[in-house]
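Colleague: What follows is each chain in one-letter form.
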Amino acid sequence: MADFSSDDSWYMLLSECLRLTHPPGRHELPVILLLGPPGTGKTAALGRIAAGVIEPPSPLVHLEFHPAAEGSVLARVQRLAHDLVVLRKVKLPRTVFTLLVLKLDPDLSDLEMEEQLQSILRGNRSDPPIDVGALGDMLSCIPTVGPFLKSAAATVQFVTRLRTAPDFLHDTARSWLTESVPGGNVVDLARDLSRRGRDRTDFVSGVLCDALLEDLAQAWSRHRYPRNCLLLLDDADTPAGDAFLRALIAARTRRTEPDPLVVVVASKVWPRALSHWTRPGILMPDANHPPTAGQARHADWLDRRGKGEHRWWYPVLLPALPADPLWGSYVTAVHELSRGYPAATRVLIELTEGVGDDDEFRRVLHEDDTLNRLLPERLPHRELLIAWSAVRNVDDAVDAPFSGQAPLLRDELADTLWLTDQGIEENETGVRPPPGTGGPRVTVLHGWLRRLLLHRLAADPSRWDAVHAAMEWFYLERGQADHVAAMYHRLACVTGEEPDDERLSEVVEFLAERFESLDRHDGENSRLRDWIKLYEQVTTAPNRLPLDRSLDLLYDSLATHSSDPERRARKSVIRALVVARWFWLDPLLDPAGRCTEELARQFRELATRCRTGRSTLLREADRYERRPTR
Amino acid sequence: MSDVRRVSPRIPPDERYARRRRRVRIGAAATAVTLLAATAVYFALWKPAKLTDSPDAFGAEMREVMGRIHDQNAEVRKKNPHDYVTIVVLLPLSAEWQAAGMSKVAMEHALQGSYLAQLWHNTTQPKASRVRLLVGASGPDDWEDTVEDLRSRLIGDRIAAVVGLGASTAATKHVITELGRDNVAMVAAVLTSDDVNARHGFVRLAPRNSDQAVAGARFVVDQSDKAIKAVIVEDTNPSQHYSRTLHDNYKRVLERDKDVVLMPGLTFDSSNGTSGAVLSGNAQAICNSEADYVFYAGRAEQLPTFLRGLNQWQGCVERGIRVIAPDDTSELGKDESSTWQDSGEKIKLYYTALAHSANVTDPQSKILKSVRDRFGTAKDGYQNLFPNGSLDDGDAIMHYDAVCVAMKAIDDLLPEKANEGKQLEPKHVSERLRSGSFILDGASGHIEIDKYGNASRPELPVVRLMPNGDVRLEKLVSLAAR
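In the order they appear, the protein sequences are chains A and B.
Quick note, in the numbering used here, the first sequence goes up one by one and the last residue is 630.
Quick note, in the numbering used here, the second sequence goes up one by one and the last residue is 482.
Be careful, since some hints might not be right.
What the hints assert, rightly or not - Here are the computed distance ranges between Cβ atoms for each label pair: (1) B:I26 x A:S109: 43 to 49 Å; (2) B:V7 x A:I424: 40 to 46 Å; (3) B:E148 x A:V86: 53 to 59 Å; (4) B:I26 x A:Q295: 38 to 44 Å; (5) A:R623 x B:V7: 56 to 62 Å; (6) A:R626 x B:E15: 45 to 51 Å; (7) A:H223 x B:A30: 19 to 25 Å; (8) A:P325 x B:E15: 32 to 38 Å; (9) B:I26 x A:R272: 50 to 56 Å; (10) B:V7 x A:T292: 53 to 59 Å; (11) B:E15 x A:R619: 51 to 57 Å; (12) B:A30 x A:V86: 31 to 37 Å; (13) A:S109 x B:E15: 54 to 60 Å.
No wet-lab data here; the hints were simulated from the structure.
Where is the CB? At the ideal position from N, CA and C, for every residue including glycine.
Isolated chain B (complex conformation) (with noise of 0.2 Å):
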């Protein structure tokens, strides 16, 4: 006997109904197809934007800090719908350290000072347009559509500067030239690169990689009491403007100190995968050598491998060497990547500063006392605001000041342009920033701005890292003429 139990017949529905469910299915089939080919067309020619404020546009590591930006944007939209000028902060969100010349961690100290600047901005000057911050990325993947979105919204969204633009690499240089087509007004914070220079409506607030070769020699020089022989490592990337200019510049100023052996450089390329290996070959050759003094010319990023490098070599352990570094040292942090062993403190490594901590935490700082409670720990201080946030690096610094440097150039010209009726406009602001006559006690120093765009600095920070991550000032070597 079967075990199959037959299937009851189904009763097919009404020849009309299924003609109707038919047409209603065909209808919905190309209503959807429609609204698919309308959405592919809208997402084929629409473009997100990339400018925002929104805290999850860059990673949950940008989050909290974006966050704030966004409650602040909300709340100046909200009680100043009509009256606040826009100041957009670029950096290379979207680029690993690689190819951005920063770090994610140096990124987000450098969006807490944008808004720690935005928010005293607000809170203390009642009389003075409110501020609103947009952040874009720069990396070499996405400048373009962040200009072409930029642009596309500066009348809009009443964009009155850009500051940041990040570090010295072509993403940046780029950025800078198509901005300055359209005179935008730029404030650089941590660009140091000597050959991004006079472009309109730019300015910067860092020291140039000339003035840091300067100061890296002359510590060196003023250090020891006999001829000092050196070698310069050079990163060959073709993107990093900021290692070739280092090292032209350390190679000039070296050259002409009669105090100084130049031996001959070493080289190596961080866009290579076998860099590490290079410069492990590098510090060899500098330990099996004379150099008791190493300019390296590159990125903090193959630092450590380079130091660990020198570490290795009995040369080097037993005369000791020591290492001179750009600024950008100063986003190593203290985690085992970032540090190397030097049980007997043979491998010293220093580094001039762009801005130091102690600038706005030592009572004995000669900056502002109001712009050191800022940072401190009141309400709405820094070290309140971002607990886990460091000073250290000198980007929440550097990047406070170019907020305030803009805001500033804007508050000057607000009430003219309020008489007037006219909206303030980047160009304007461009033109008040290369007047020549700007200035302001920032949180990194006085700084004065050139009508070349450069802000003047006597005298910068050399200060030491030590193995295990922490910092101590050495120096402020003096870049006056001697």
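Chain A on its own, in the form it takes in the complex (with noise of 0.2 Å):
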């Protein structure tokens, strides 16, 4: 099976930061954001990152954020100083040593917790005083030097009054404790998480990750590791993911000299705390949108970070798949319908393994009802979004009648990461510039997203037809009537049921009329190539076409009317031109990409019921014929 996790386009960026190493306490380094919807191998992306400082082996700490799972941000700090500390043997004296303090009792006298505390530390910790908990694994970064050492150093002690090894230790975390807590009764610490209000928490979690970074800092500059330390935190996108990313952000920010802590977040959602960046999606001037993570660089991120605490953040989105040869024989098929989405990519590639020919190929989407039940279960306003899935873009959506909801819906879905942005030209006629191509863009959906909408609005045929006459009714009503984006929601009802259709008949009528007073010069050139612009905006409309017919005779019922079988008129070979083009953009209607053929034939047919233009027709067959994609 093909690997589809397998996206590493993370590579410089991460190979950049992470080797930032010297001098130490000189490099600030970003809380690296891999966003994107479900399915956009976030996870997997972790786990290939992870997998790649594994020779040699360098500090990696690798924290799950269960959306279910509660945890405060000490939890949290306990759990990566655990896997620091016993996994990767980094020593973190202050935040073990501070870990500890909170451990107390806080219903105790301070002599009481200075016993308790003392205790510990002096080495009982077969018998501790308290429940110590996992934190007894890591009480070995204050060390402990067995018996016979402990004895005799005991001794050595009581007899010269020397200073041990662990009371170095214990002194030089005590010490930076005492300078962090304000009186600096390092024991009211305990009292201030157990009893004293969210403010004294919070506090407590600041203190808590200030001694991690300042400990990760010292650790570090003695040059004893290889990388700088990874910290990854997967679906970070709950309330515990935010609250100990804030914390870290924040006590990050305080340090006057940077640590050594490369942190790549996963998440689904767009953070709030990320106001210095552009969601994906909304259009505005001076949009600082994410890149994708093949773009990011650390130097990028320097030239276009915020300030403050919102200088650490690096918003990274995660690629489309780009189209593997190796997935098999709808290749093409597969990935225009999916969009490149991974999740997707997965299950059609499993799907249509093996499958022969076009219509197999329908078949098994329509028995599997994969278009059915990948649609993702939580979305905002389902079936406002169902609805909005007919329109060409959001910001026409947006404006639609039925879109009561429309702003606070376009914000969630950016907030979710389900928009995107394309250039007009793309979203007109459904074929894809050059990549560098400037121009206008509007918001989309992404493209998967709104293929599985589009196959749930069309299970209910009324409420497709509902919907795109409303459109229709729409472009026409607005100041400004637009009978092509009419003439669009009006091929989308075509069925094919019933013999020549008359949706079908009005759009040809349409665009032959169209046609008629566009085929003549303007100056020297002809305005058929106006012509052929709104052709293509008309033809870029979805279908509703049945999954379980045959191709041939689907297309068959609508390239040709009964009243002219052998395509003699213009308006006939315009009607073949319709419906091969509008097959010919969706996958589900032409997977081969056949249907180039039948197009650069009907215009060269074309081309000879014309009085201007002919050669801008001819080109439009040559163009075809080399089988441009999709």
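Reassemble the complex: the two chains are provided individually, in unrelated frames, and hints are given to aid placement.
Modeller: Next comes the structure, spelled out in structure tokens:
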């Protein structure tokens, strides 16, 4: 099976950040946010990042924040410290000491708490006065020296009053904590945690994160590690993850010198804290959109980051999967259907593996009910969103007559990363421009989500027709009537269930009339170029043609009118062109992209039935003969 | 579709870290190479100590007795760190029976006897110096290293005497020659070869081969009332002085006796792999002749083969034949390889023993009771210390006596040396041993050592070894001139 989780576009960014170890304390490092809706391979990417630092091994902690899981910052720091101390052998004396202080019984007097603390620090770990839990494993960072050396050290200390290595470490951690706690009474920190309200809990979280970052800075100052410390946080878009990240970033901001921690966070929603960056799909002047993982670089982050606490964030979008010929014979159709969305691509590839022809491809998807069952359950304003899928872009959908909650829905879609943007030309013609082509852009739904929503809308034909009728009315009734957009929605309602579908005839009639009017010179050039644009806009319409019917029958029933089976009239040629392109643009109607031959043929036919622009039409025929990508 | 999951791209370490690691690795490799080279040079130049009391130094067979010696030495060093002397026991411990002239069992008994003497001396002589035993191998392959080590440690280890020295082999002769140059006191326990004699510092407790030849011949002549027909079978192995001197002495004594008809001699070479076949041929020739006595001048190891050969031929089985063998026949054990078949008791084997176990086990023995007790079942008695040991071969008794002789000489000298404030040296002990006035009542009998280093013995026991390994004292043959 192909490995769909093997996107490694993060490599350059992580490679740069993890290797900025020298000189220690000089380089600021980002909190990298891997963003994408569920199924974009964030968890897999974290796994591959972790696997990338095992030879030679460097300290790494991988934390997962399950949505239902609760947990304080203290619990997260303890888990993080445990992994670093026990598994990666990183010394974190301040962190462990602070965690130990927080375990003390806050109901005791200062003196009794101090006795508890000393009892544990002096090695009473087999029968400690308090339950230290998992912290017991970490106390080795405040070294235990074994019974023989311990008694020897105790004797020497008693006789000579010499200070032992544990004393130095205790004192280092204690003196650091004493300076960090107002009043200097370290045991007071335990009371802060249990008794004194949320602001003091936040203070404790801050002290813990300060301790952690200071320990890491000290540990990395000795050049012991091959890379910076890597912290991977999966599903960080939970309250626990949010609290932990806020505390960590606040602590990092308080520091005067950078720490060696590279944080990579996977999130399926846009964090509120990212105010300096612009969400994908939100178009505005001076927008600061996150780069894709392949474009992201440390220098790019330094150039584009915000200020204060906002400066640490570096949102990065996981890219769509590129089509891989190894996927099988219907790789192009699958890729165009899923738009490179990893989770969908995986399902479709597995499903269509070994299919023999276009009809089998369609039948497999129909029988599996794939497009219905893969629609995410948790979507904001689901029913409204289903209606939105009928509209060419979100900007128009917001203004649609049925969009009462539109502004809110747009925001929620942006937060959940289901929005993206698209050049207007691509949006109107369905043809992707060459990379780097500029021009105005519009906000659109993620291609895969729109495909699923359209399929759900098609399951209710009356609603499908109503939504498209409403949109047709909308385009015709607004200030400047957009007949082309109206025809787009009229074509969408063609079903082919009845011979000589009237709505298709109306679309053909519309385009034939426009052809007649544009078949003239404007200066030296024919205006048929404009007609081709109209034709392309109309034929990008969605369809609700059934998946369980033979493609040939479906095509033939639509492409030929009973009144002119020989297609002698220009209108008949235009009809064939409309149906061919309508099919060609939908990978479910033309999985193998064979309609390009018919398009080329019909453009050549049309060239014989025009007064001007013959060369324009023949060039278009040539273009389709070269099998352009959809 | 591909079934191959792509491997995650590895993020290389920071270049400075990699360079540092390379430097550390190169440094570690250089250190390792230096250490290896130094170790190689050290081992090339270093020779392990050949004199030792390590329990594992001479294999599992010697582990028990070496362990006891080690423990006793440790106690001596602990209680008397500045007042002890060292006696070195040299035995061909690394050599096989053929080359050593002694079996491993015999050497184990020798060490047991040495330890017994050390133990009793250290526990019953409160005013004497404590004795430490060191053991060294003096086989053909390692006698030179052992002698070199011994020389280098004479002063540092307070070595006062060397005892044991093994059987009459070329290696033993070399050892005695080398140590004799330094006038080291040597007490040979079971060495019988006549041509090892008159060396500086050397004394022997065992009777010489010439004495054994006389005793063997007299035993034969005294048994028969008519002329006897004898043949000598000689081992011509060039490293065996023992065999050669035995042959010469048998021949000399038998030729002089008018009651003996000496038939042409037969030979074999124990250093040759075909000696077994040759011995069988010799047996056939003897059985086909009229010989009724065979004087065997060779090591005991080949003797069972010869006896089995005699038992195969009708002539010997019908008329009967007696074999006279030297002292090391005592080393034949009771295992299958050491015995022979003789259903009609026609093949009889006699040998001249150095010391018989009856010396220390028979209450009627002339040996002092206090000495006999040391070989008994008391707490520190031989039979209690070594329940699996044996006194039959005489090795334990002879080596006990050898250590006692050395210790007595040392004890005789120590008060004087202590008064002088000087350390006792081997040459002083040597001088005492070769004074001509040294006497000791040992376990093998009354020992008087003449100024030539030979222990004078009035008589020798002749013992019969039965086909099943049992021994029986036949006669004490006088060596006095007739």
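Colleague: Against each hint, give a clear statement of whether it holds in the structure.
Modeller: Against the structure, the hints:
| no. | hint | in the structure |
| --- | --- | --- |
| 1 | B:I26 x A:S109: 43 to 49 Å | 59 Å, violated |
| 2 | B:V7 x A:I424: 40 to 46 Å | 42 Å, holds |
| 3 | B:E148 x A:V86: 53 to 59 Å | 58 Å, holds |
| 4 | B:I26 x A:Q295: 38 to 44 Å | 40 Å, holds |
| 5 | A:R623 x B:V7: 56 to 62 Å | 41 Å, violated |
| 6 | A:R626 x B:E15: 45 to 51 Å | 48 Å, holds |
| 7 | A:H223 x B:A30: 19 to 25 Å | 21 Å, holds |
| 8 | A:P325 x B:E15: 32 to 38 Å | 37 Å, holds |
| 9 | B:I26 x A:R272: 50 to 56 Å | 53 Å, holds |
| 10 | B:V7 x A:T292: 53 to 59 Å | 23 Å, violated |
| 11 | B:E15 x A:R619: 51 to 57 Å | 54 Å, holds |
| 12 | B:A30 x A:V86: 31 to 37 Å | 35 Å, holds |
| 13 | A:S109 x B:E15: 54 to 60 Å | 55 Å, holds |
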